[in-house]
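A.B. asks: Sequence:
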Amino acid sequence: MAPKPMKKKNGRPPPIDKLMKPAIGIGLALLAYQFFKGIGAE
100 MAPKPMKKKN
110 GRPPPIDKLM
120 KPAIGIGLAL
130 LAYQFFKGIG
140 AE
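Heads up: the sequence shown runs through residues 100 to 141, numbered per the working numbering.
If you're looking for bench data, these hints aren't it; they were derived computationally from the structure. Since the structure is predicted, the reported quantities are computational estimates derived from the model, not experimental observations. Every residue gets a Cβ at the ideal spot worked out from N, C-alpha and C, and that includes glycine. One or more of the hints may lead you astray.
Listed next, the in silico SDA-like pairs over lysine to any residue satisfying Cα-Cα at most 25 Å (straight line) [what the hints assert, rightly or not]:
id : residue 1 : residue 2
1  : K136      : I123
2  : K120      : A140
3  : K136      : G124
4  : K120      : L130
5  : K117      : A131
6  : K117      : L127
7  : K117      : L130
Just the calculated beta-carbon pair ranges, DEER-fashion [to be verified]:
id : residue 1 : residue 2 : range
8  : E141      : P114      : 39 to 45 Å
9  : G137      : I115      : 30 to 36 Å
10 : I115      : K136      : 37 to 43 Å
11 : E141      : K120      : 28 to 34 Å
12 : D116      : G137      : 30 to 36 Å
13 : D116      : K136      : 27 to 33 Å
14 : E141      : P121      : 27 to 33 Å
15 : M119      : A140      : 39 to 45 Å
16 : M119      : G139      : 27 to 33 Å
17 : I115      : F135      : 27 to 33 Å
18 : A140      : K120      : 37 to 43 Å
19 : F135      : P114      : 30 to 36 Å
20 : A140      : P114      : 35 to 41 Å
All chains, full assembly: derive it from the sequences and hints.
C.D. replies: Listed below in structure tokens is the structure:
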């Protein structure tokens with residue numbers, strides 16, 4: 100299979116880019132929550 104070109108003809112970012120930043124934020128928030136919960140348990 101030929102690799103698909105990453106760059107789109109229009110200048111807008113793909114929708115996955117809009118979803119990545121909130122997903123990373125949620126992931127960091129969950130990690131911080133688990134981390135602080137672990138500290139509180141000690």
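A.B. asks: If a hint holds in the structure, say so; if it doesn't, say that too.
C.D. replies: Results for each hint:
At roughly 20 Å between alpha-carbon atoms, K136 and I123 fall within 25 Å of each other, so this suggested pair holds. Simply put, K120 and A140 have alpha-carbon atoms about 30 Å apart, too far for the 25 Å limit, and the pair is violated. With a CA separation close to 18 Å, the supplied pair K136 and G124 stays within the 25 Å bound. Note on K120 and L130: the hinted pairing holds, with a Cα-Cα distance of about 15 Å set against a maximum of 25 Å.
At most 25 Å may separate the alpha-carbon atoms for a hinted pair to count; K117 and A131 meet this at roughly 22 Å. Distance hint between K117 and L127 is fulfilled; the C-alpha atoms sit about 17 Å from each other, no more than 25 Å. Between K117 and L130, the direct Cα distance comes to roughly 21 Å. Compliance with the 25 Å bound is thereby established for this hinted pair. Between E141 and P114 the C-beta distance comes to about 42 Å, which sits within the given range of 39 to 45 Å.
The supplied range of 30 to 36 Å is met by G137 and I115, whose beta-carbon atoms lie about 32 Å from each other. Remark: the range hint 37 to 43 Å for I115 to K136 is contradicted by a beta-carbon distance near 30 Å. At roughly 33 Å, the beta-carbon separation of E141 and K120 lies within the given 28 to 34 Å, and the hint holds. Distance hint for D116 and G137: a CB-CB separation of about 32 Å, consistent with the stated range 30 to 36 Å.
Under the hint 27 to 33 Å, the C-beta atoms of D116 and K136, about 31 Å apart, fit the expected range. In this structure the hint that E141 and P121 lie 27 to 33 Å apart at CB holds, the actual value being about 31 Å. At roughly 32 Å, the beta carbons of M119 and A140 sit outside the given window of 39 to 45 Å. Range check, M119 to G139: about 30 Å between beta-carbon atoms, so the 27 to 33 Å window is met.
As the Cβ distance of I115 to F135 is approximately 30 Å, the hint placing it in 27 to 33 Å holds. Our hint of 37 to 43 Å for A140 and K120 is violated, since their Cβ atoms are close to 31 Å apart. A hinted range of 30 to 36 Å holds for the C-beta pair F135 and P114, which are about 32 Å apart. At about 39 Å, the beta-carbon gap between A140 and P114 stays in the expected band of 35 to 41 Å.
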